[in-house]
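Asks: The lines below spell out each chain.
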Amino acid sequence: MADFFKKHSARLAGLSLVGLLAVPFLLYAAATGGRPGLTWVGLGLMGLLMLLVMKVG
Amino acid sequence: MTEFSLLKWFFAFSPIAVVLVLMIWFDWGGGRAGAAGWFTALIVSAALFGATPELLALAQTKGILLSLNVLYIIWMALVLYNVVSETGAIEAIGAGIQRFSGDKSIQLLIFGWIFGSFLQGVAGYGVPIAVVAPLLVGLGFSPMVAVAVPAIGHSWSVTFGSMGASFQAMMAVTGLGADFLAPWSAGLLGLAAYLCGLAALHVYGGWRLVGHGGPAVLAIGTAMAGTQYFLAVSGMWTLGGFGASLAGLAACLLVARAPFYRRQRAEAADSRMGLGWALSAYLILIVVVSLGVLCGPVRQFLGQVKLSLHFPEIRSAAGWVTPAGYGARISVFGHGGALLAYASLISFLVYRAKGYYSPGAAGRIVAKTIKSGVPTSLGIVSMVCFAMIMDQCGMTYLLAEGISRIFGATYPFFSPWIGLLGAFMTGSNTNSNVVFGVLQQRTADLAGLSVAVILAAQTTGGALGSMIAPAKIIVGCSTVGLAGQEGPVLRATIKYGLIITGLIGLATTLAAILTR
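These protein sequence lines map, in sequence, to chains A and W.
All residue numbers for the first sequence refer to this note's numbering, where the first residue is 1080 and numbers rise by one.
All residue numbers for the second sequence refer to this note's numbering, where the first residue is 154 and numbers rise by one.
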């Protein structure tokens, strides 16, 4: 697992950046559309992306 | 409303404390530490400040809109720098500058103070130290001096450098305009310009060299501080640092001709590119930005497409209310980042037509931009997102209230130190303004102080923090063979950083009294 992160850190950092830029728009749609389930999913995704940033950022 | 208690204040401070500890003691980068700060802010805001899922979701969207405003400039500034750098123009500019004078104090000022500021104006993100340090070693300065001098010398120009990315960030998070913020910010940073020039001389030759180079600092500093002030208050703050350094170069041409500084002969260095062609991309940038900012019809035409989102009123479970309104607006074709993109494209085509690129240059430009841009962007996005969580549930307000209670009337003296702390911990004036901008704004409001003066002190302290930011010192040391020996350089720059910030604190106190 550690080797995987080390080998692909640059690509994963780029992917996490794209995700962090995209997911908040999903969160906006969910929060303003009154869809609490989707809001939780979006926040969960943000959390996963932040974990990825902590690993490869 | 959020009620004040010391325990709650410490919890509100905990995300910032986590970032500080991770960056200073554990050497984490901005992205990783920012992500840890995000988790801390998320947990504390939900547990103690009544953050609901909807509040957290909308805070993230607001954060990303703010981030995009800043990232647009950062990425395009990196593209322009790499378009120029790929031709060998940076070396040509260095060689051209070397012809000005053989006087050591003038050489130090040209490279460490003026050229470093020029590079900050067009690129930033550690480039000034990384480029200037090897050039100074080549001129015979010790590696320690070669890193410390540009680290100190360029720091005054950070706020309005990088096409004003740090200033843009401060405007974005505080919701205040350039007309309001620019005069005091340019004023305090102008004062810092003189102090950084004198400190750069002191690092190498002590008070003797300060006496010898002092008149040059006074003349060139006036040209740089004056130009920066003029550009900032006339709406061209994106060119503030860049224009100031060009004015500094012009002033230096005159100063270097003075008999006092012509006792030692200048040695000309060879370069395949003339200074004119090397600077042509930046001349193109000046034309593009001037047209985009000053020419009304062009500005209106480019400003037709603006992206933003409307946010409903946000109310935390603890009763903290953020009114409904639009988030940060992004002018897709008229933004500072767009102007940089136009200048980059035109410059690339000009250099390619002149044959300055070797095969595969476009690919290398893209690769270098991505390599530098991604880590910087992760740091900014993660920090902005946690700063927005803190802001939207009242944590920042509580911090500000606590600080205003503790420091009271002496707060203006400490405001630049907060900016300095932010830059030290994040390695970035931009991040410092994002993390502490709203806090300083709210504290000034609560204490009845001029918000413009306190935010000017915030960004000046943030700019000065560049000289002591470990991330930047590490970059500089790696280019002159001092990797792993950053300690002595940091000890030298910290001394000057603390003294200059103290003097800025006194100037802020005076300004706060005058504007009360």
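These are calculated hints, taken from the structure and not from any lab test.
Beta carbons: idealized from backbone N, C-alpha and C, even for Gly.
Accuracy of the hints is not assured; some may be wrong.
[What the hints assert, rightly or not] Computed cross-link-like contacts, DSS-like style, restricted to lysine-lysine with a CA-CA straight-line distance of at most 30 Å:
#, chain 1, residue 1, chain 2, residue 2
1, A, LYS1086, W, LYS459
2, W, LYS524, W, LYS459
3, A, LYS1086, A, LYS1134
4, W, LYS521, W, LYS507
5, A, LYS1134, A, LYS1085
6, W, LYS521, A, LYS1134
7, W, LYS507, W, LYS524
8, A, LYS1134, W, LYS507
9, W, LYS521, A, LYS1085
10, A, LYS1086, W, LYS507
11, A, LYS1085, W, LYS524
12, W, LYS524, W, LYS257
[Unchecked claim] So, partial list: chain W residues that the calculated Cβ filter (under 7 Å) puts toward chain A:
#, residue
13, TRP191
14, ALA200
15, GLY203
16, GLU207
17, LEU211
18, ILE217
19, THR522
20, SER525
21, VAL527
22, ILE559
23, THR563
[Claimed, not checked] Not close to chain A: a few residues of chain W, all C-beta gaps over 10 Å, as computed:
#, residue
24, PHE192
25, LEU195
26, THR214
27, GLY359
28, CYS448
29, LEU531
Asks: Should the label of PHE192 (chain W) as a non-interface residue stand, given a Cβ cut-off of 10 Å to chain A?
Replies: violated, 6 Å
Asks: Report holds or violated for the interface hint on ALA200 (chain W), using the least CB-CB distance to chain A and a cut-off of 7 Å.
Replies: Violated, about 15 Å.
Asks: Next pair to validate is LYS507 (chain W) with LYS524 (chain W); report whether the Cα-Cα distance is within 30 Å.
Replies: holds, 27 Å
Asks: For the pair supplied as a hint, LYS521 (chain W) and LYS1134 (chain A), confirm whether the alpha-carbon distance does not exceed 30 Å.
Replies: holds, 22 Å
Asks: Confirm or reject the statement that LEU195 (chain W) sits farther than 10 Å, beta carbon to beta carbon, from all of chain A.
Replies: violated, 8 Å
Asks: Taken at face value, is the distance from the CA of LYS1085 (chain A) to the CA of LYS1134 (chain A) at most 30 Å?
Replies: Holds: LYS1134 (chain A) and LYS1085 (chain A) sit about 9 Å apart, inside 30 Å.
Asks: Using 7 Å as the Cβ threshold, decide whether SER525 (chain W) counts as touching chain A.
Replies: Since chain A brings no Cβ nearer than about 12 Å to SER525 (chain W), farther than 7 Å, the hint is violated.
Asks: Does the claim that THR214 (chain W) lies outside the interface with chain A hold up, using a Cβ gap greater than 10 Å?
Replies: At about 4 Å from chain A, THR214 (chain W) fails to clear the 10 Å cut-off, so the statement is violated.
Asks: Taking the least C-beta to C-beta distance, is VAL527 (chain W) closer than 7 Å to chain A?
Replies: This interface hint holds because 5 Å falls under the 7 Å limit.
Asks: LEU531 (chain W): least C-beta distance to chain A exceeds 10 Å?
Replies: violated, 4 Å
Asks: Should the interface hint for LEU211 (chain W) be scored as holding, given a Cβ-Cβ cut-off of 7 Å against chain A?
Replies: holds, 5 Å
Asks: Does GLY359 (chain W) sit more than 10 Å from chain A, CB to CB?
Replies: holds, 42 Å
In summary, the numbered hints that this structure violates are 1, 8, 10, 12, 14, 15, 19, 20, 22, 23, 24, 25, 26 and 29.
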